[in-house]
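Quick mapping for you: the protein sequence lines, in order, are chains A and B.
Take the first sequence: its letter number 74 is residue 74 in the working numbering, and every next letter is one higher.
Take the second sequence: its letter number 67 is residue 67 in the working numbering, and every next letter is one higher.
It cannot be assumed that every hint is accurate.
For lysine-lysine, the following DSSO-like pairs were computed, each having C-alpha atoms within a straight-line distance of at most 30 Å [unchecked claim]:
{"id": "1", "chain 1": "B", "residue 1": "K258", "chain 2": "A", "residue 2": "K450"}
{"id": "2", "chain 1": "B", "residue 1": "K205", "chain 2": "B", "residue 2": "K279"}
{"id": "3", "chain 1": "B", "residue 1": "K96", "chain 2": "A", "residue 2": "K644"}
{"id": "4", "chain 1": "B", "residue 1": "K250", "chain 2": "A", "residue 2": "K542"}
{"id": "5", "chain 1": "A", "residue 1": "K341", "chain 2": "A", "residue 2": "K542"}
{"id": "6", "chain 1": "B", "residue 1": "K527", "chain 2": "A", "residue 2": "K644"}
{"id": "7", "chain 1": "B", "residue 1": "K453", "chain 2": "A", "residue 2": "K644"}
{"id": "8", "chain 1": "B", "residue 1": "K453", "chain 2": "B", "residue 2": "K527"}
{"id": "9", "chain 1": "A", "residue 1": "K250", "chain 2": "A", "residue 2": "K931"}
{"id": "10", "chain 1": "A", "residue 1": "K457", "chain 2": "B", "residue 2": "K136"}
{"id": "11", "chain 1": "A", "residue 1": "K849", "chain 2": "A", "residue 2": "K20"}
{"id": "12", "chain 1": "A", "residue 1": "K225", "chain 2": "A", "residue 2": "K451"}
{"id": "13", "chain 1": "A", "residue 1": "K107", "chain 2": "A", "residue 2": "K119"}
{"id": "14", "chain 1": "A", "residue 1": "K849", "chain 2": "A", "residue 2": "K219"}
{"id": "15", "chain 1": "A", "residue 1": "K542", "chain 2": "B", "residue 2": "K28"}
{"id": "16", "chain 1": "A", "residue 1": "K849", "chain 2": "A", "residue 2": "K243"}
{"id": "17", "chain 1": "A", "residue 1": "K223", "chain 2": "A", "residue 2": "K20"}
{"id": "18", "chain 1": "B", "residue 1": "K28", "chain 2": "B", "residue 2": "K136"}
{"id": "19", "chain 1": "B", "residue 1": "K527", "chain 2": "A", "residue 2": "K451"}
{"id": "20", "chain 1": "A", "residue 1": "K20", "chain 2": "A", "residue 2": "K243"}
{"id": "21", "chain 1": "A", "residue 1": "K107", "chain 2": "A", "residue 2": "K320"}
{"id": "22", "chain 1": "A", "residue 1": "K250", "chain 2": "A", "residue 2": "K341"}
{"id": "23", "chain 1": "A", "residue 1": "K20", "chain 2": "A", "residue 2": "K250"}
{"id": "24", "chain 1": "A", "residue 1": "K457", "chain 2": "B", "residue 2": "K250"}
{"id": "25", "chain 1": "A", "residue 1": "K837", "chain 2": "B", "residue 2": "K28"}
{"id": "26", "chain 1": "B", "residue 1": "K435", "chain 2": "A", "residue 2": "K262"}
{"id": "27", "chain 1": "A", "residue 1": "K644", "chain 2": "B", "residue 2": "K258"}
{"id": "28", "chain 1": "A", "residue 1": "K119", "chain 2": "A", "residue 2": "K262"}
{"id": "29", "chain 1": "B", "residue 1": "K453", "chain 2": "A", "residue 2": "K457"}
{"id": "30", "chain 1": "A", "residue 1": "K225", "chain 2": "A", "residue 2": "K341"}
{"id": "31", "chain 1": "B", "residue 1": "K28", "chain 2": "B", "residue 2": "K96"}
{"id": "32", "chain 1": "B", "residue 1": "K527", "chain 2": "A", "residue 2": "K750"}
{"id": "33", "chain 1": "B", "residue 1": "K205", "chain 2": "A", "residue 2": "K262"}
{"id": "34", "chain 1": "A", "residue 1": "K39", "chain 2": "A", "residue 2": "K20"}
{"id": "35", "chain 1": "A", "residue 1": "K644", "chain 2": "B", "residue 2": "K435"}
{"id": "36", "chain 1": "A", "residue 1": "K262", "chain 2": "A", "residue 2": "K250"}
{"id": "37", "chain 1": "A", "residue 1": "K931", "chain 2": "A", "residue 2": "K223"}
What the simulated footprint calls covered on chain A by chain B, stretch by stretch (three residues with Cβ under 8 Å from a Cβ of chain B suffice, anywhere in the stretch; the number is not a length) [to be verified]:
{"id": "38", "segment": "458–464"}
{"id": "39", "segment": "533–547"}
{"id": "40", "segment": "566–577"}
Note that these hints are calculated values from the structure, not bench results.
We treat Cβ as the ideally placed atom computed from N, Cα and C, and that holds for glycine.
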Amino acid sequence: MGFMLMLWGTSELCAQTIIKGRVTSDQKEALPGVNILVKGTASGTTSDSNGEFSVSVPNADAVLVFSFIGYLSEEITVGANTTIDVVMMPDLISLNEVVVVGYGTQKASEVTTAIASVKEKDFTAGAMRDASELIKGKVAGLTITNGSGDPAAGPTISLRGIATLEGSAAPLILVDGVPGDFNTISPSDIASIDVLKDASAAAIYGTRGANGVVLITTKQGDKGKTARLTYNHYSAWSRQYRKPDFFTAKDYERYASEFTFKNNFITEATDNGGITDTNWLDEITQKAYMQSHNISLRGGGQSSGYAANVNFVNQDGVFKGSYNEELRLSLDINQSLFDDKVRISANVLRGMQDIGALGDGVSFNNLIYRNALMRNPMLGIKKDDGSYIETDRLQYINPVGMVNETDGVLTNNWTRLTGNIALIPLNAWETNLMVATEIRNNFRGYSETKKHYNSLKGPRRNGFASRANDDLRTDYLELTSKYTKDFSNHSLTILGGYSYQYNVNQGDWANNFDFPTSEYSYNNLGSGNAMRLGTARMSSYKNDNRLVGFFGRVNYGFDDRFNIMASVRREGSSKFGANYKWGTFPAISTGWTISNESFLESAGAINLLKLRAGWGITGVIPRNSYQSKPLLTYEGVYFYDDGKWVNGLVAQANENPNLKWEESSEFNVGVDFGFLENRVAGSIDTYVKKTENLLWLYSVPQPPNLHDETLANVGELENRGVEVLVKTIPVRTGDFEWSSTLTYSYNKNKLISLSNDLYEIKGDYINLWGISEPISMVSHRLQPGQPMGNFWGLKSVDISEDGLWVIELPDGTRQNMTNNSMASDVNSQILGNGIPKMRVGWTNTFRYKNFDLSIVMSGAFKYQIMNQQRMFYENPNINYNVLRSSMDNVYGKRRLSYLNQAFVSYYLEDGDYVKIENATLGYNLDMSALKYVRSVRFYLSGSNLATITGYKGIDPEIPVGDIRLQGIDNRDKYPIVRTFTVGVDINF
Amino acid sequence: MKRLRLKNIVTSILFSSALFACTDLDEKLYDSISADETALTASDLNTIIAPAYANLREVYWHWNGLFDVYEESSDLIVTPFRVGIGWGDLYLDMHKHTWGPAIEHGNNLWVRTYAGINLCNKAAFQIEQLGAVDNKEAVLAELRALRAFYYYLLLDNFRNVPIVTRFDVEPGFLPEQNTGQEVYDFIEGELTEVMPQLSVENTQKTYGRFTQWAAKMVLAKLYLNSEVYINTDRYDDALLQVNDIISSNKFSLLASYKANFAVNNTNTPEEIFSIPFSKDFTGNANTYYQFKTLHPLSASTFNMPEPWGGSCGIPQFIDTYDEDDVRLKDCWLGGPQFSASGSPIMVGGEQFEYINYMTSVDEAEYNEGFRFVKYEIPIGFTSGPDNDVPLFRYTDALMMKAECLLRTGGASGATEAAEIVTAVRQRAFPATPAKAIVSAEDLAEGSSYAYGKYEEGVVTDFEGGADIEFGRLLDELAWEFVGEHHRKQDLIRFGVYTTKSWLTHVPNGNHRVIFPIPQQQRETNLKLEQNDGY
């Protein structure tokens, strides 16, 4: 600083003009510390804490260069001005930004592992359901699948394919270092999301890092900044994006003359109140409105800072009775003491959520949707006496009755308290203790009135209610100590730490039925008779587990050219057998910044070229506690002894005291690049990830085993892939800028083995049943040498003259299908694969004067989808309503006359798609005239605007419930919605 | 200096906290108990043997279980595809004898039966560990007898199965497959060996337990079907066993046939071995038959939850009943239907009626076929029955005796057989006692079952049953034991199972007398060879 002032002093002598002005961000925030240089000279200054500056220039031709980390440099010719106010635009591609890594941060230039970082300025704007939507399509290799319009549904997330069979494919999500999920905090409270993609980065998190780690950093209090108040609001309207095209009452009239339906719908309607025209789907759906309000306040004094955020969301689903209401609060305060040698911070986070429950303990009752689709459109809704029209068809229920005569809620409350104390005795040495606790209280209540189908028909329960509580608590303690040393060209950082995590879960559940009145809903459970008569049920549970880790990491850098990082974590989990509780997870990675080598410094077009290579080991823990224990149960073991019933005791499962973690080892090679003043920048990564000791419920011979499955570590799985990120700024002029970010990922998955000495499977494959009644056929097969997600079944190639499927057998011969039992292993073959091999995300942002437009697109390629709506509803010979396409000729020849619904390859379709996920048009109002308002932005946003695909179903984006059954487009999937949003952001 | 001191302090804090850092990873159980922390003592004997017995309920009544195996693959009961409802599917594979190694019924039977065997082995292992226990030898003998019964089920259905007699085997141990002869010899040897140690009582204390009488029933059945199992006829040995039971005078026929299957049928003098059920304690046992067979409209007849309308009696069999035989009404629900309060159940303006007719197994209407209600359904039934399963009834011992006498006893044997059958029939014809009388000549006749393919009420391809040796006795067995895990075995022994047609079933190979080794089992135990023909 002194040097700069001196320079300023010398140039003063020959100065002719003094230029004054103020530097602000695009958010109208003062930017202190901006470098201001007179181009071609060594003279210049920096802006002060109010963003103001004063600099002298030799003449009117002088050009001032404004530069600041994270912002695009601005060059302004002085001309006749004496006052120059500069608005600096954030740099979309910043290499000097800070990246959050496990237990600390790193400068992007020093990163040696595969890390993707998305800052707030790059988040997708609009009606964001949760944090995952902010970054969807922006991180290569991170797959975020929504594919459901349920306002209560979360996304399914996976990173770099699927590396486990039994565990979860979801990455570890840490919110400010504490495990959480994408819904833990309000999207507007997030400052950045960083993704640790490879094992060399994630291994510091040991057993939790096998699927990668997502680090969410929230906005913190700003020391020494004036208070900033922000209000955000949006209103959004949603509609079902596409509806399945089922027969209407008129269609039946039209086809009655030429086709004999087996469903006897006309008779059924005549016998039950006469023929009408009911659009069942319309009766149970609605146009959904959503509103969100967010207020945040941030600021601080000389040595303290605070941040507070309040977020309220009220959202209806497109199904009647489906809603989500959420209130999320957060408060963060921090204080520095003793010349910044001690820093204390505290954070309180509180979330409250009410979700409409149309089913018992579930937000979405798929039976309602299913019945609306397959119900006779000629049937009326109610009889004259007001009761619902029901028939004697099995599993065939009036959906309107189910919606109206049901009352249910899912309530989730979460509270997180975090305390942090940092000791910084030396500038180079920082020790940090974090203690946190998270308490989740979830409640489920559900009731059916006496008019409900289940009260009058079906189980005839005469009113039903259930309620349940789940209390989950997690305690965390994390102690880290970091020492940093720079000497000449060398830099060294050493980190050591200990972490402790304790989870305890408990809850209870009870139901009752046969109530005297419907008025009690689920609030007076004791008034039902079923508990007294012994037919109601109740239960409770409690379990806990512990995870303890010691970890260390060394970062060494030389001359900004070579960087190396090595880490190790020694971790123990209570969930494993006595001899297998502890595991060691090492990692090492290195980077060579070629662009800092002297031989490339002259190559002006190359701003960055860095090679990276890393290797690490991570692990997966099974979901449940006590799995290595020989648990016993009294359940179902009643024994009649001398006139009395007594309890027996039996083993719950086959014991496996040798249970241990799955281990993934991953090798990653990458390159980071930046060309043409970083107007083209990005990275390319390639990886091989091998998971060993796969946890799986292996089929075991019985005898000698008590049960026919044992949880064991047996198989081996491999994922290979390539990820590309390219950020470009194709156009940049004073008024107009176009920036573009493209992500591409390719993943190839292969199951290597399913056997070992103890567990051997004849034929070495496992068939999986992924199709519900009445089809109940094998859908997938796991087989070594093949990828996961393979569809397995009969290959249909034609239709016979009498309307039966013609199946091509594996030996190439053809045979007519007369019975579903034809689908034996000898007649079946691999028909496709449900996991997309390639995914693409493409974000384009345009800025013209005060307007901005961003378009987020995503796509997935090379995979097949099992179209279950067609499989279940495109057969015209079934007893229920069917799709209009059931009248189409199969293979262009004739209508299907096969009587049973069945899985044949005819219902597998290519899923390739490109989607416009979101488009947002914003306008920034000029607020320079107003004293207290810094900026106002209005925007219009639309999501799910268009999908380009050959897929005939509702949506080719398939959420993955069971990771082993990929590519099934469930017939009852909550359909996706198209949403239009109007929003405003006001900064005070 | 000051800095260094601070550094020392912080360092020592760090070190000490690392030392005291929690590394305790023992698991604490709250809602479950673990074998390694649960010490069993001699007073836990019931706790130990309970699972081996409780498993019988699963074998018998769980979904696609023993009941379905014996009845739905036979000429008595079928689950057709019902228009507007569903079914068909694998249930028809049972009817048509088109099952493959993947059929659920086969694997269920295997898995549940072996679970019983493993539980017997485990209980024996645990008892051996206990040290001094009263009646230790008797309890171990009882477990061996129960295990022999499980093996008898395997022999009857799969023939060539592995024999495992120990619980404490090496990890990864794969049992060797045994031949039918070996399994047969094992069952006979075990039962013969433990017989003296088994209880000879028939009291509340022995109810539901494996006594000598239960063991003799198993031996008798083993011998009765000996020709099927090992190509050697041993009717005389079977006769010795049932004679022991009969001459013990511990058992007698109930006055009412129906009472054997009533809600409160515990510990009757006719029961030799039963599987006890209780709606209060075994309510979760997934007993489903009431639901599987009755149509939803019958809910109001019993004030029960709506059933699912699937299986029913095969019309050709129902036609064989004498109209005065009370067992027809005791076992089958047919004709116009009434609610519990006695008012007619109306549907579409007409009274709902179960008709003894079937369009076809692929297109059966909702009301086609009589429904199997042999086990009493109480008014207000919810789920989980109270009716015990009388696995071996005294009547069974009598009828086995009759069969043995008929087959080997010459003219005098036939006469005695006729007397026994007559005695058994008496309670079935209270109003017309003359009809109960059966002569030796009657028993020499063929079956009255109108075998042949059946479509829309007509036997299109008449085969009849006149050529079946002792066919009349086979008919008697059906009338008395329908729905009592008899028919498959009886049809095989009388040579009908794979030779005659009924409803849509046509003979589909002699190998069908046993099931294929389930595919899942062959996938996990590479030593298992598939049965011939599959």
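Contradicted hints - numbers only
Of the numbered hints, 1, 3, 4, 5, 6, 7, 8, 9, 10, 12, 16, 18, 19, 20, 21, 22, 23, 24, 25, 26, 28, 29, 31, 33 and 35 do not hold.
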